[in-house]
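Assemble the whole structure, with the sequences as input and the hints as a guide.
Below, each chain spelled out in residue letters.
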Amino acid sequence: MKHGILMHESEDDVGVAVEDLKKGSRIGAVTLEGKGVGAVKLLHDVPLGHKVAMRDLPKDKPVIKYGRRVGKAVAAIAKGEHVHVHNVKTLRWTVL
Amino acid sequence: MKPEEMKLTGYRRPDGRYGIRNHVIILPVDDISNSAANGVAALIKGTMALPHAYGRLQFGQDLELTFRTLAGTGRNPNIAAAIVIGIEPKWTERIVKEIAKTGKPVAGFSIERHGDLRTIEMASRKALEFAQHASELQREPFPVKQLLMSTKCGESDTTTGLASCPTVGRVFERLEAAGATMIFGETTELTGGEDIVQSRCVNKKVLAEFNRMFKDYTHLITSQGVDLLGSQPTEGNIRGGLTTIEEKAMGNIQKIGRCQVQSALDPAVEPEGPGLHFMDSSSAAAEMVTLCGAAGSVVHYFPTGQGNIIGNPIVPVIKLTGNPLTLATMSEHIDVDVTGILRLEMTLDQAADAAMKVLESTINGRLTAAEALRHDEFVLTKLYRSA
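Quick mapping for you: the protein sequence lines, in order, are chains F and G.
Numbering follows the working numbering, with no gaps: position 88 of the first sequence is 88.
Numbering follows the working numbering, with no gaps: position 250 of the second sequence is 1250.
Everything labelled a hint here was simulated from the structure, so no lab data went into it.
We put the CB at the ideal spot given by N, CA and C, even for glycine.
Among the clues, some could well be false.
Stated by the list, open to error - Calculated Cβ distances over 10 Å to all of chain G for the following chain F residues:
hint, residue
1, Lys22
2, Lys23
3, Ser25
4, Ile27
5, Lys41
6, Asp60
7, Gly71
8, Ala78
What the hints assert, rightly or not - Between beta-carbon pairs, the in silico distance windows are:
hint, chain 1, residue 1, chain 2, residue 2, range
9, G, Glu1088, F, Val74, 55 to 65 Å
10, F, Leu43, G, Glu1173, 33 to 43 Å
11, G, Gln1260, F, Ser25, 43 to 53 Å
12, F, Pro62, G, Lys1215, 33 to 43 Å
13, F, Val74, G, Glu1377, 28 to 38 Å
14, F, Lys23, G, Lys1205, 46 to 56 Å
15, F, Ser10, G, Gln1198, 46 to 56 Å
16, F, Lys23, G, Arg1374, 41 to 51 Å
17, F, His44, G, Ser1231, 22 to 32 Å
18, G, Gly1060, F, Ala76, 49 to 59 Å
19, F, Lys35, G, Asp1227, 29 to 39 Å
In structure tokens form, the structure reads like this:
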């Protein structure tokens, strides 16, 4: 396996780790069709199935996966960061 | 692989539908009749009791759903014959009557004025007759357009959206073209991708019905005024990397591929006509698969990420996973391995071929992992408190 990150769409903000990835390593990303989407240096350990930021995301920016909004950044997220419930929240079912 | 190439065999029922299993069930109408149902199943080989937790003091829509679920379970083509046992005769007969419309053997017994022991004896004598009848039935070939199956995923993670759900979507596209009938549901778990389902509704009537169901269920969720993180997405979803309901929904919706939605059904209602049908339902696995069985589904595709282990007593549940950790640690639960998609060693079409091979062998009698492990979760959906 040459890639460590899989992406639904090449323009997505996040990719999925397809194995446990280590902080500091440089990991290649591809789409499901096998198209290369460059590489990213990891700022955290990212376990299998968890997401990696493929670009810098400012706070409050909608997060794009599947080419669609799947939530919004609730903190500034840097390229290579672990993206999960600590820095992204739903845009739906918002409890006031 | 084309669906028409699958060589399918099943049991032709008197109503013309085909079952892929040949169960004789002992169906309690209510919780307090579970003991008698278990008693009959313990005595008579080839019968199976379906104990459950409800059936008393229910009313209105909630009661109607329980009746529809119990009767639908008996009507399911995987059932050769049914014994219905309730505490009193009136509700028992209501369910017997609905099952009898299929033309299959069915008999009802009630416990009041007999007691458990005499009821068990009477019901067992009938169950023995039904078990012998069922044992004489033979499989025969049937065309794929006679197939009614369902799907729902569970303990999803990011791999279900990448691999196992799109695999089901690809198979469903092929089945749609071949004239088979499919059911999906999980109403609130479409949140964030509901526009995709809306765009697939075949006409305005179906769209309006889907929108009403989606709005009502979403209102129930938001009216509780609580943060659903941990419940939906579940803690298992979060552990697997899913962050929001929208992300989870987008994975979930991959299961319908590019299929059109022919109708929006109330829970446990049998679909009319071929193609893909939406059924208003919870995303809790055992509840949803039980409703699919009551709607006549004879086999179920269940993509899982983190490893939901659910099964159903009357509907064989086929598990697919694209998660290599789940495959390595929980292999006894997995029927179809599509982890190759993550390694780009398997195309979606190859994964769909693998899933169809298992579908074919399951239909022809091979036990699924969940069947062999005795995962017999039969769970009624409760809409609100009993009186």
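Each hint, compared with the structure:
no.	hint	verdict
1	Lys22	holds, 16 Å
2	Lys23	holds, 17 Å
3	Ser25	holds, 18 Å
4	Ile27	holds, 14 Å
5	Lys41	holds, 20 Å
6	Asp60	holds, 15 Å
7	Gly71	violated, 4 Å
8	Ala78	holds, 17 Å
9	G:Glu1088 to F:Val74: 55 to 65 Å	holds, 56 Å
10	F:Leu43 to G:Glu1173: 33 to 43 Å	holds, 40 Å
11	G:Gln1260 to F:Ser25: 43 to 53 Å	holds, 44 Å
12	F:Pro62 to G:Lys1215: 33 to 43 Å	violated, 23 Å
13	F:Val74 to G:Glu1377: 28 to 38 Å	holds, 37 Å
14	F:Lys23 to G:Lys1205: 46 to 56 Å	holds, 54 Å
15	F:Ser10 to G:Gln1198: 46 to 56 Å	violated, 27 Å
16	F:Lys23 to G:Arg1374: 41 to 51 Å	holds, 43 Å
17	F:His44 to G:Ser1231: 22 to 32 Å	holds, 26 Å
18	G:Gly1060 to F:Ala76: 49 to 59 Å	holds, 51 Å
19	F:Lys35 to G:Asp1227: 29 to 39 Å	holds, 37 Å
Checked against the numbered hints given earlier, this structure breaks hints 7, 12, 15; the rest are met.
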